[in-house]
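Novice: What follows is the residue order along each chain.
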Amino acid sequence: MDIIEEKSNDIAVFKLNGSLDSNTSPAFEEKVVAIIEGGTSKIIVDFSGLDYISSAGLRVLNLASVKLKPSNGNLVLCCLQDYVREVFEIAGFDQFLPIVATMEDATAKFN
Amino acid sequence: MTVGEIKVSLKNKLAELEKLHEKIEEFLASKGGSRKALFQLKLALEEVFVNIVHYGFEDDKEHDINMTLSFTPPHITIKVEDDGKAFDPINAEEPDLSKPLSCRAPGGLGVFLTKWCCDLNYRRENGKNILTIKKTLVDNDKESNTGANTA
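Line by line, the protein sequences are chains A and B. Everything in the first sequence is counted per full-length UniProt numbering, starting at 1 for the first residue and increasing by one. Everything in the second sequence is counted per full-length UniProt numbering, starting at 1 for the first residue and increasing by one.
The following block holds chain A by itself, in its conformation from the complex (with noise of 0.2 Å):
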């Protein structure tokens, strides 16, 4: 796993790569968890290089969503593989979640 985090404007992107599981989803929630508190309420999270996902990563993304809440934050998600996509589904996220194809799709969400 590989988390890449970048920010521009005021935007925090995150890019993932590998698989976010039970032992590698502690590290990701570090950083969001850091970048929340820090003030940052923009929030793009890359999966084009993710090629797995387990509930403990569903589990951060969760979080990041009630942590956002207070300062009507928005967690944004693109680029996901069509069988990653619809576990975000099943789970009832993506009623919550925008869910976006392209990178671009997800920063015009903030605009």
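Calculated from the structure, these hints are not laboratory results. Any given hint might turn out to be false.
Straight-line distance between alpha carbons at most 20 Å, and here's what the computed SDA-like set of lysine to any residue pairs gives [as the list claims (entries may be wrong)]:
| no. | chain 1 | residue 1 | chain 2 | residue 2 |
| --- | --- | --- | --- | --- |
| 1 | B | K19 | A | D51 |
| 2 | A | K42 | B | S102 |
| 3 | B | K115 | B | E62 |
| 4 | B | K19 | B | P73 |
| 5 | B | K85 | B | V50 |
| 6 | B | K19 | A | K15 |
| 7 | A | K42 | A | I99 |
| 8 | B | K19 | B | T68 |
| 9 | A | K69 | B | C103 |
| 10 | B | K115 | A | E89 |
| 11 | B | K99 | A | G18 |
| 12 | A | K31 | A | E6 |
| 13 | A | K67 | B | K31 |
| 14 | B | K19 | A | G18 |
| 15 | B | K99 | A | N72 |
| 16 | B | K79 | B | E25 |
| 17 | A | K67 | B | K115 |
| 18 | A | K69 | A | D51 |
| 19 | A | K67 | B | S98 |
| 20 | B | K31 | B | E16 |
Derived CB-CB ranges, DEER-like [as the list claims (entries may be wrong)]:
| no. | chain 1 | residue 1 | chain 2 | residue 2 | range |
| --- | --- | --- | --- | --- | --- |
| 21 | B | N91 | A | N9 | 45 to 55 Å |
| 22 | B | L14 | A | P98 | 23 to 33 Å |
| 23 | B | T2 | A | N72 | 54 to 64 Å |
| 24 | A | M103 | B | E94 | 48 to 58 Å |
| 25 | B | H54 | A | E30 | 47 to 57 Å |
| 26 | B | E5 | A | G39 | 19 to 29 Å |
| 27 | B | E18 | A | V33 | 17 to 27 Å |
| 28 | B | D88 | A | S8 | 27 to 37 Å |
| 29 | A | Q95 | B | Y122 | 25 to 35 Å |
| 30 | B | N91 | A | A34 | 36 to 46 Å |
| 31 | A | G39 | B | P74 | 46 to 56 Å |
| 32 | A | G39 | B | T2 | 52 to 62 Å |
Here chain B is said to cover these stretches of chain A; the calculated rule only asks that three of the stretch's residues, wherever they fall, bring their Cβ under 8 Å from a Cβ of chain B [to be verified]:
| no. | region |
| --- | --- |
| 33 | 2-11 |
| 34 | 37-46 |
Yeah, the Cβ is synthetic: ideal placement off N, Cα and C, and Gly gets one too.
Using the hints provided, position chain B relative to the given structure of chain A.
Specialist: Using the frame of chain A, we list chain B on its own:
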């Protein structure tokens, strides 16, 4: 006829998860399953294994979690045995998925996802949990990227 079978023995430590993922990848590599089928089997196995590690044992001792992976075309069957507390995932409480994400308590989706992507059978025998996870590799599974096994 069963055309392939391997046994995997894991200790009740999260660090063993990587080995579990590697074993299922190796096992499925020659069976013609799609990336989606591999993804869903990895998911089911991780959720089951992690649940046993987190909640199965009240002592601090090392325990074995034994798995048997077999392929009887077109079915992949995985038997998971542990000597932890009795836990029947089939009758576990369902999460409330209609609740806004920002108001949900994070977690609790593991069993739900396992039941969604695979067929489960549970029995308690001689102080052991015996869970059988089954997934059918369908013809169009080789390229298909949509629709779950049970959808």
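Novice: Go check the region 2-11 of chain A versus chain B for me, would you? Three or more residues, Cβ under 8 Å, otherwise it fails.
Specialist: violated (count 0)
Novice: Note whether the CB distance of T2 (chain B) and N72 (chain A) lies within 54 to 64 Å or breaks it.
Specialist: Given a distance of about 56 Å, which is inside 54 to 64 Å, the answer is holds.
Novice: Are H54 (chain B) and E30 (chain A) spaced within 47 to 57 Å by their CB atoms?
Specialist: violated (19 Å)
Novice: Would you say the C-beta atoms of N91 (chain B) and A34 (chain A) sit inside 36 to 46 Å of each other?
Specialist: holds (39 Å)
Novice: Take the C-beta atom of N91 (chain B) and the C-beta atom of N9 (chain A), compute their distance, and say whether it sits inside 45 to 55 Å.
Specialist: holds (49 Å)
Novice: Checking one constraint from the list: CA of K19 (chain B) to CA of G18 (chain A), max 20 Å. Satisfied?
Specialist: Distance of about 16 Å is within 20 Å: holds.
Novice: Given the hint that K42 (chain A) pairs with S102 (chain B), test it: the Cα-Cα distance must not exceed 20 Å.
Specialist: holds (15 Å)
Novice: Does 17 to 27 Å hold as the CB distance between E18 (chain B) and V33 (chain A), or does it fail?
Specialist: holds (24 Å)
Novice: Within 20 Å, alpha carbon to alpha carbon, are K99 (chain B) and G18 (chain A)?
Specialist: Since the Cα atoms of K99 (chain B) and G18 (chain A) sit roughly 29 Å apart, the hinted pair is violated (cutoff 20 Å).
Novice: Tell me if the straight-line CA distance from K31 (chain A) to E6 (chain A) falls inside 20 Å.
Specialist: holds (11 Å)
Novice: Checking one constraint from the list: CA of K19 (chain B) to CA of D51 (chain A), max 20 Å. Satisfied?
Specialist: Within the cut-off at roughly 17 Å; holds.
Novice: Assess, step by step, whether the Cα of K67 (chain A) is no farther than 20 Å from the Cα of K115 (chain B), and give holds or violated.
Specialist: Not OK: K67 (chain A) and K115 (chain B) at ~29 Å, beyond 20 Å, violated.
The structure fails to meet hints 3, 4, 6, 11, 13, 17, 18, 20, 24, 25, 26, 28, 33, 34 from the earlier list, while all remaining hints are met.
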